[in-house]
Structures are given as structure tokens and as C-alpha cells.
Amino acid sequence: MNAQTSFPVFVTAGFLIWSSAFVMLYAAASAGCAFGWQMEMVGPLSLQRLVLLGVWSVHLAAFVPLGLALRRRGSPGDRRSVFADAPFWITGAAFAATVFIGVPGAVLTACA
Amino acid sequence: MAGAGLLLAGCGGPLSTLDPAGPSAASIARIWWVMLAGAAVILAFVLVLLAVVFLSPDRLRGVPGRVWIVGLGLAFPLVTLTALVTYALLTGERLIADPAERDVVTVRAVARQWEWRFGPPDGPLTAGRLVIPAGRPVHVAVTSEDVIHSFWVPRLAGKMDAIPGHVNVIRIVAPAPGVYHGACAEFCGLGHAAMPFVVEAVDPAGLNAAGLTEARP
Ligand SMILES: [Cu+2]
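Read top to bottom, the protein sequences are chains A and B.
Take the first sequence: its position 41, counted from the start at 1, is 40 in numbering that gives the first Met the number 0, and no numbers get skipped.
Take the second sequence: its position 203, counted from the start at 1, is 202 in numbering that gives the first Met the number 0, and no numbers get skipped.
Please keep in mind that the hints were generated in silico from the structure rather than gathered at the bench.
Warning: the hint list may mix true and false statements.
Have a look at the derived ranges for each label pair, beta carbon to beta carbon [as the list claims (entries may be wrong)]: (1) 90(B) / 100(A): 13 to 23 Å; (2) 140(B) / 106(A): 37 to 47 Å; (3) 15(B) / 107(A): 24 to 34 Å; (4) 90(B) / 64(A): 13 to 23 Å; (5) 38(A) / 195(B): 30 to 40 Å; (6) 64(A) / 12(B): 54 to 64 Å; (7) 70(A) / 113(B): 40 to 50 Å.
Simulated crosslink set (SDA-like; lysine to any residue; CA at most 25 Å straight-line) [unchecked claim]: (8) 158(B) / 25(A); (9) 158(B) / 107(A); (10) 158(B) / 22(A); (11) 158(B) / 35(A); (12) 158(B) / 100(A); (13) 158(B) / 103(A); (14) 158(B) / 29(A); (15) 158(B) / 26(A); (16) 158(B) / 145(B); (17) 158(B) / 38(A); (18) 158(B) / 32(A); (19) 158(B) / 30(A); (20) 158(B) / 59(A); (21) 158(B) / 109(A); (22) 158(B) / 34(A); (23) 158(B) / 105(A).
Idealized CB from N, CA, C, for every residue including glycine.
Given only the sequences and the hints, what does the whole structure look like? Please build it.
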């Protein structure tokens, strides 16, 4: 894939990771409360918390290979295009958003 | 003046979140006022900018595009919304019933199309009326027999979904004896608007007659 054909991939990958994190955190939070995971302790953490932190870290980790691939790809040459740097900015925004949506699951009360 | 009076008339009444009667509802009302004040300040700022653009366009010509796009377009809303969501989440945290709380009364609320029924944890249910002791925390275990409903007593607390097959617990405190009105807050079919209920907070001394059980200490 050259920089031209890989553009759609790099422009969407970050927020695909984010959306997967969002759906899976939401699902895990609901399923965990339904199954009573918040009451099962695994060391200092509840099973519920552990699952949420696990789902979150897997998605955060997925940004590492994406970032490395972005760096290897470089920029597509045409510096006049406003879209040239879009993959970098979009991936950065997606990473920040993925950090943001995981925080409540890590610190707040899991079940009402 | 008449317009303002008309607008404010919507803020009173037995189902008003802006007339809170307990600590939970008060913190929700506070969020509302904080957001209203913040929105008013931001609106004023935007209108001033707009007025400047109309009245003396040259004044803003020197402001670089970066200030508009990165500063006011990205940083400003991010900071504002992050502050608001943090404040809201921390408030929500304080509204959640702690299962370990002592000296609490537990009741259940069971919704179905189209009525609410209330009673002690293992006792019979009564339609349309929940009796609680005034001045004591009450954990309401909310569930549903059919579709999703939502338990809402605006002057006492926020909403809690009533979900079939699942029990959600909401904590309410009515500081003084009185009648507090409630409604279903999740559309649940044609009779959705016709399932109102009341929470009657009574002097704790008169409670045994109402058949309420104490939670284990
Ligand atoms: Cu309903």
C-alpha cells in the first residue's frame, strides 16, 4: 500500500479502535453489573473493575502498532493538501478520546 | 416582565426539579444552575463577538486563525465540557446507594404497564403510593415486570431505570413529612403518561402501620 491507498485506512483506524472500546466498555459494564462481578474481589480490585481496566488497556495498547505504522508511513508528500496530516491528528484525537472514555470505568462506582 | 413570569411558571409545581426537597435533588438542581450560568456567560461572549464583527469588523482582523480554530474551537469546548462532565459524574457518584449504608430503610418499586406498585422487600405491593419515613435514607429497589420504565420523583432525586429481570437501587431522602409526586420517566407504551404515583413521607413514629421493614443493620 502506498501513502495514497493507505490514507482511508489510517484516517479511520484510530476511531475504529475508539468505537470498539466504547461498545465493549459499555457492554462489559452492563453485563458485569447483571452478573454481580462488582462483588467478586480479585485481590484489591473487583472482577468488574478488572474486566473494564482490561478492555481499556487492550484498546490503548492497540494504538502502539497504529502509531508505529503511521510513523513508518510518513506523510504523503503533497504538503499543500490540508488532508496531508489528517491521519496524525485524527489518530491523536482518537487516542485522547479512548483515554477519556475509560476513566469513568476505572474510578467510578460500577453498579447502581 | 410578563414573558419572564410566564417562563418561570414552568419551574414550579409538584414535579419540578428546580424546587428540590432533598439533598440528592438539590445537587441535581445545582448542576442545572451551574450549566445555566455557564451557558449564559458563553452565549454573552459569543454575542459580544458577533456584535463586534457587525459594528467594527476591523477590530478582529488581527486575531490569527489559530486563536479561533485551536483556541476557541477546540481548547475552549474541550475544557468546558470536561469540567462539566467531571462535575456531573462526581455528583452522580454521591447519589448512588451504598449497599453498606447503615440505618437505612429498604423498599421495592415494581413497574408494569401502566402502574407503579410499592412495598417492603418481601411484603405485598400497593399501587400508586410509596410510604417512607421522613428524615431517613431510603433505598428503593426498582424493577419492572414487562418493559423498561423509569422511577422519578423530581423533588427528591434523579431517575432510575426499572429494567425487567434486574434490580437497580436508588437512594432517596425526604427531609420533611409531606407528599412528593412521581412519574414514569421512560416511555413505556400508550399508558406512559397515566402512571403517576406519590411518595408519602411520614413521621417515623407512624411507620409500623404502613408495614415497612427495617433493613438489617
Ligand atoms: Cu412506564
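Verification of the hints:
1. Taking 13 to 23 Å as the suggested C-beta distance range, the pair residue 90(B) and residue 100(A) conforms, at roughly 19 Å.
2. Separation of residue 140(B) from residue 106(A) is about 25 Å and departs from the stated range, judged on CB atoms against 37 to 47 Å.
3. As the Cβ distance of residue 15(B) to residue 107(A) is approximately 28 Å, the hint placing it in 24 to 34 Å holds.
4. With their beta carbons about 39 Å apart, residue 90(B) and residue 64(A) fall outside the hinted range of 13 to 23 Å.
5. For residue 38(A) paired with residue 195(B), a C-beta distance near 35 Å keeps the hint of 30 to 40 Å intact.
6. Between residue 64(A) and residue 12(B) the CB atoms are about 57 Å apart, so this pair conforms to the stated range of 54 to 64 Å.
7. A hinted range of 40 to 50 Å is violated for the C-beta pair residue 70(A) and residue 113(B), which are about 59 Å apart.
8. Pair hint residue 158(B) plus residue 25(A) holds up; C-alpha atoms about 19 Å apart against a cutoff of 25 Å.
9. This hinted pair checks out: residue 158(B) and residue 107(A) have alpha carbons roughly 18 Å apart, not beyond 25 Å.
10. Annotation: proposed proximity of residue 158(B) to residue 22(A) holds, straight-line Cα distance about 23 Å (limit 25 Å).
11. Note on residue 158(B) and residue 35(A): the hinted pairing holds, with a Cα-Cα distance of about 22 Å set against a maximum of 25 Å.
12. Taking the CA atoms of residue 158(B) and residue 100(A), the gap is about 23 Å. The hint holds against a cut of 25 Å.
13. For the hint pairing residue 158(B) with residue 103(A), the CA-to-CA distance comes to about 20 Å; that is within 25 Å, so the pair holds.
14. With a C-alpha separation of about 17 Å, the suggested pairing of residue 158(B) with residue 29(A) holds against the 25 Å cut-off.
15. This hinted pair checks out: residue 158(B) and residue 26(A) have alpha carbons roughly 21 Å apart, not beyond 25 Å.
16. With a C-alpha separation of about 18 Å, the suggested pairing of residue 158(B) with residue 145(B) holds against the 25 Å cut-off.
17. A distance of roughly 24 Å separates the Cα atoms of residue 158(B) and residue 38(A); the hinted pair therefore holds under the 25 Å criterion.
18. Of the pairs offered as hints, the one joining residue 158(B) and residue 32(A) holds, with about 18 Å between alpha carbons and a cut-off of 25 Å not exceeded.
19. At most 25 Å may separate the alpha-carbon atoms for a hinted pair to count; residue 158(B) and residue 30(A) meet this at roughly 21 Å.
20. Of the supplied pair hints, the one linking residue 158(B) and residue 59(A) is violated, its CA atoms being roughly 33 Å apart against a limit of 25 Å.
21. Pair hint residue 158(B) plus residue 109(A) holds up; C-alpha atoms about 17 Å apart against a cutoff of 25 Å.
22. Of the supplied pair hints, the one linking residue 158(B) and residue 34(A) holds, its CA atoms being roughly 23 Å apart against a limit of 25 Å.
23. The straight-line distance between the Cα atoms of residue 158(B) and residue 105(A) is roughly 23 Å, inside the 25 Å bound, and the hint therefore holds.
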